[in-house]
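*Asks:* Sequence:
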Amino acid sequence: MPLTARQNNGLYIALDGIDGCGKSTHCIRLAEYFGSLGRKVLLTREPGGTEIGAELRARLLSSKYELEPESEMMLFFVDRLEHLTKKVIPALNEGMVVISDRFTASTFAYQVFGRGIPENVYTALERMALKIVPDVAVIIDNEPITCIARAKARLAEDGKFDTEGKFEQLSYDFFRSVRNGFLTFAERNGYVRIVDGLGTVEEVFSRILSNVR
1 MPLTARQNNG LYIALDGIDG CGKSTHCIRL AEYFGSLGRK VLLTREPGGT
51 EIGAELRARL LSSKYELEPE SEMMLFFVDR LEHLTKKVIP ALNEGMVVIS
101 DRFTASTFAY QVFGRGIPEN VYTALERMAL KIVPDVAVII DNEPITCIAR
151 AKARLAEDGK FDTEGKFEQL SYDFFRSVRN GFLTFAERNG YVRIVDGLGT
201 VEEVFSRILS NVR
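The UniProt record's numbering puts the first residue of the sequence shown at 1, with every later residue one more than the last.
Calculated from the structure, these hints are not laboratory results.
Be aware that one or more of the hints could be misleading.
For lysine-lysine, the following BS3-like pairs were computed, each having C-alpha atoms within a straight-line distance of at most 30 Å [said to hold, decoys possible]:
| id | residue 1 | residue 2 |
| --- | --- | --- |
| 1 | K64 | K87 |
| 2 | K40 | K131 |
| 3 | K64 | K152 |
| 4 | K40 | K64 |
| 5 | K131 | K87 |
| 6 | K40 | K86 |
| 7 | K131 | K86 |
| 8 | K40 | K87 |
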């Protein structure tokens, strides 16, 4: 996998996990933490971190669009390539702290383990699109039944169940497979840490912080 060389002392952190694990909340908290240290911070997400990514996100997450699993995976990698090239790498080269809500572990977990796409298809697309990996990635691990209940409640409260809730409508067995995918990805990649998602927001954030400082 040819990775792009760094030109400055930027720091790339990604948080990931199944829907409802709390990663978005903790991304915001991390951005506030590094900002308080005087660092310039880019808070971003996959999919949707670029202009074209926002359009892809609308189609990838909406229950209105039925995509073939392979099409879905390719669009996630299109988003990732644009995101890394246009947003992440330039910010790192300016010495910024980049905090990303999701990264390639999601595609591995959701599309390979969840959707059942052969791993060699993922690997071929990853080789093309993955220009850089995080300095550290934290996967927040929790029971799927707890996380999905949280995610559904949040989407319903925000009125986004139809526009962003496609995955949350899938079965518990699907998310159990996705969780196994995240754990497998962590076992294979030394820059990934697993953090227990049980406990208060402060307790979980403390665990995350101890892995990224």
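*Asks:* So, for every hint listed, does it hold in this structure?
*Replies:* Going through the hints against the structure:
1. K64 - K87: Roughly 28 Å between the alpha carbons, so the hint for K64 and K87 holds.
2. K40 - K131: Roughly 22 Å between the alpha carbons, so the hint for K40 and K131 holds.
3. K64 - K152: Holds, at roughly 17 Å.
4. K40 - K64: Distance ~38 Å between K40 and K64 Cα, so the pair is violated.
5. K131 - K87: Holds, at roughly 12 Å.
6. K40 - K86: holds, 17 Å
7. K131 - K86: holds, 11 Å
8. K40 - K87: holds, 14 Å
In the structure shown, a violation is registered for the earlier hint numbered 4 alone.
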